[in-house]
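Q: Residue numbers (the working numbering), protein chains in the order written: chain A, 1 to 271; chain B, 272 to 597.
If you are wondering where the hints come from, they were derived from the structure by calculation, not from laboratory data.
A couple of the hints might just be wrong.
[Claimed, not checked] Cut-off 30 Å, straight-line C-alpha distance, at most; resulting in silico cross-link-like pairs (DSSO-like, lysine-lysine): (1) K318/B / K167/A; (2) K429/B / K279/B; (3) K198/A / K95/A; (4) K429/B / K108/A; (5) K167/A / K198/A; (6) K108/A / K510/B; (7) K279/B / K318/B; (8) K95/A / K13/A; (9) K575/B / K510/B.
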Amino acid sequence: MPTLTTDLQQKAKVLRRHVVRMVGEAGSGHPGGSLSAADLVAALYFHFLNVDPARPGWPERDRFVLSKGHAAPVLYAALAERGFFPSETLWTLRKLGSILQGHPDMRKTPGVEASTGSLGQGLSVAGGMALAGRLSTLDYRVYALLGDGEMQEGQVWEAAMSAAQFKLDNLTAIIDFNGVQLDGLVENIVGVEPVADKWRAFGWDVQEINGHDMDQIVKALEAARQVRGRPQAIVAHTVKGKGVSFMEGLAAWHGKAPSREQMAQALAELE
Amino acid sequence: MNYEPGTKVATRDAYGETLAELGREMPELVVLDADLSSSTKTAAFAKQFPERFFNMGIAEANMIGHAAGLAASGKVPFASTFAVFATGRVYDQLRTSVCYPALGVKVAATHAGLTVGEDGASHQANEDIALARALPNMTVVVPADANETRDAVRAAAKRRGPFYLRLGRPAVPVLAIAQAMAGGEAGAPFELGRLRVLREGTDVGIMACGYMVHEALKAAELLAAGGVSAGVIDVHTIKPLDKEGVTAAARRYGCLVTAEEHSVIGGLGSAVAETVGESYPVPVIRVGVADRFGESGTPDALLKAYGLTAEHIRDAAGRAMAARKG
Chain A
1 MPTLTTDLQQ KAKVLRRHVV RMVGEAGSGH PGGSLSAADL VAALYFHFLN
51 VDPARPGWPE RDRFVLSKGH AAPVLYAALA ERGFFPSETL WTLRKLGSIL
101 QGHPDMRKTP GVEASTGSLG QGLSVAGGMA LAGRLSTLDY RVYALLGDGE
151 MQEGQVWEAA MSAAQFKLDN LTAIIDFNGV QLDGLVENIV GVEPVADKWR
201 AFGWDVQEIN GHDMDQIVKA LEAARQVRGR PQAIVAHTVK GKGVSFMEGL
251 AAWHGKAPSR EQMAQALAEL E
Chain B
272 MNYEPGTKVA TRDAYGETLA ELGREMPELV VLDADLSSST KTAAFAKQFP
322 ERFFNMGIAE ANMIGHAAGL AASGKVPFAS TFAVFATGRV YDQLRTSVCY
372 PALGVKVAAT HAGLTVGEDG ASHQANEDIA LARALPNMTV VVPADANETR
422 DAVRAAAKRR GPFYLRLGRP AVPVLAIAQA MAGGEAGAPF ELGRLRVLRE
472 GTDVGIMACG YMVHEALKAA ELLAAGGVSA GVIDVHTIKP LDKEGVTAAA
522 RRYGCLVTAE EHSVIGGLGS AVAETVGESY PVPVIRVGVA DRFGESGTPD
572 ALLKAYGLTA EHIRDAAGRA MAARKG
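With the rest of the complex left out, here is chain A:
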C-alpha cells in the first residue's frame, strides 16, 4: 500500500505539472479545477480504471466521464501519461486543429468517453452507460467527476434520482468539492451544503474524504466497488489550484492562464 500511494502521489504531481504547462502554453484554460482534481484523476487512471490505450473503444472497458468538462487539462494529462496519445500533443491544447479541445470532445480525443463542457450533463450520460453495461451483462464500472458548483445544475439531481431508482451500483460519482466557482466561493453564490446529506437523501452510498489524501482516495474507491444495489458518491474535499501556492483557494484561477514567470514558479513548486 505505501508503494501504491507513493506512486499515485508521484503521478498526481506529473499531472499537475502537465496542467500548469498546458494551460500556460495555451494562454487560456482552467487550472484551478484541474489541479484540485489531480489526485482523484491519478488514482482512477493509474490504479482503478480498466482501460486499454491500444483499444480505446473496447466494449468491456471502464468509463470515466468528466462532467466538469472545464477540467479537461487534467484528463488529457492522464490520458497522455496512460499512453492514449504522445505527451507532446499536450502542448497543442486549445490550438486550431488540435485533438485537445478546450472542453472534452469524445470524437477528437482517444480515451475521452463523453463530450462535456456544458455543466450538469455528465452524470446522466454516465447513467446511460451504466444501464447499457447492465443490459449487455458487461461488468464494467462508470465513474463521473462532478464539480461542487456544478451541483447547482438541476439535471444533476434528476440523474441522482434515476440512478438510485435503477439501482446503478456500477456507477460512482466523485464530487471535487473545492468550494470555489468562477464568480467566487460557492457558499456565497448558491450554497450546495450539506453535500453528503443530499446524496444520501437521494439514495446513494456516500463517503466523505480528503481529496488530496491518496490513502483515503484509494480506500474510498475500493469501498465503492464493493457496494451493491446503490450508486456511490464520494465527496472529496479539495483545494482549488492545489499544489501551486499562488493559485490555491482563489476563484481568480478558475479560468486564467499563468504568465511565463508564474508558470516557472508553479513548475518549481511542483518539483
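Dock chain B against chain A, hints included.
A: The following block gives chain B in isolation, referenced to the frame of chain A:
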C-alpha cells in the same frame, strides 16, 4: 405493419407499433420515455420488452443524457416525449451530449404542432423543426402518415447519428403514397433525404410535410377544379433536404408553395426558400403558423383559425403564380 389508405391512424400509433416490431428484430434497441408512454405510444414496447424500457419520470434532460450514454455504449435508443419538451426543454442536452458527438439518439417527438389542440399553446410545438434543424449532425424527418412513419422509424433505427422524428397526436388519413408513387417511379420505397412526388402538375408546386401533405393533396383538387394544375411533393426529410429535388421542382414550376404545421420561421418553408434562393430563385409562398403562439381549440378549428387548410394552400398557390416572373 401495413396501414390501409383511406383509414385514419395517428402517426404516434404507427410509431409505437413499429417500435414493438423492431424490438423483436433488434436486441440493441432500447426505449426511454418521460412519463408519457401511454401518450407517446411507447407503452406497447414497454409491455413486451420491460428490461429494455426506461421510464425516466418527468425529467427530459436526464432522459436525453441517458440516451446519449446508451448510444455511446452500443445501444440504439429511442427517446420519446412531446415535441415541445423534446426540443426546447432539452436543447442543450441535444446539442452537447448528443449532436456534438454525433451519437445515435433517436428522438421521437409526438404531439407536434397545432393539432395537439385543446392543451393549448404551452403544448403546441410550432418551433421544433427550426430548433432541430439548426443542430449539426441532426437528421429531421416529418412523416405524412402511418406508413411513412413506419418507414421513417425503421430508417431511424438503421441510420447512424442523431435523429429527430416529428409525430402528431390526432388520427390522420393514411395516404395512397405507394400508389401515387407507382405512377412515377414504380413502387419507389421511402428513402431518407429523397422527396416523394405524389402528384405531377404544370402550374405550381406544393411542397408539404406531415399532416399538411393531406391538405396539399386536397388543395391540388381544389386548384384542378379551377383549371390549375398543381404538383404535390411530400418532403418528409427536412434535413438533409433533397436539394436536387427541390431545385428540380423550382425549375419545373417556376413558383412554389410550402405547407407545414409549424411556424413559418425555420421549418420546411425556410429550408425550401433557402435552397432555391441559392440554386434557382423562384417565388416561395409559405403556408404555416404565423410568428405567434397558438391557443386551445379542436385541431380542426385551430387549423382553420391559423390558416392551415387546403383552402389556404389554394390561395397561396394563386399568390405564388401571380408572383412568378414572365
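Q: It remains to establish, for every hint, whether it holds in the given structure.
A: Status of the hints after comparison with the structure:
no., hint, in the structure
1, K318/B / K167/A, "holds (21 Å)"
2, K429/B / K279/B, "holds (27 Å)"
3, K198/A / K95/A, "violated (40 Å)"
4, K429/B / K108/A, "holds (24 Å)"
5, K167/A / K198/A, "holds (17 Å)"
6, K108/A / K510/B, "holds (25 Å)"
7, K279/B / K318/B, "holds (24 Å)"
8, K95/A / K13/A, "holds (25 Å)"
9, K575/B / K510/B, "holds (28 Å)"
Violation of the numbered hints given earlier is confined to hint 3; every other hint is satisfied by the structure.
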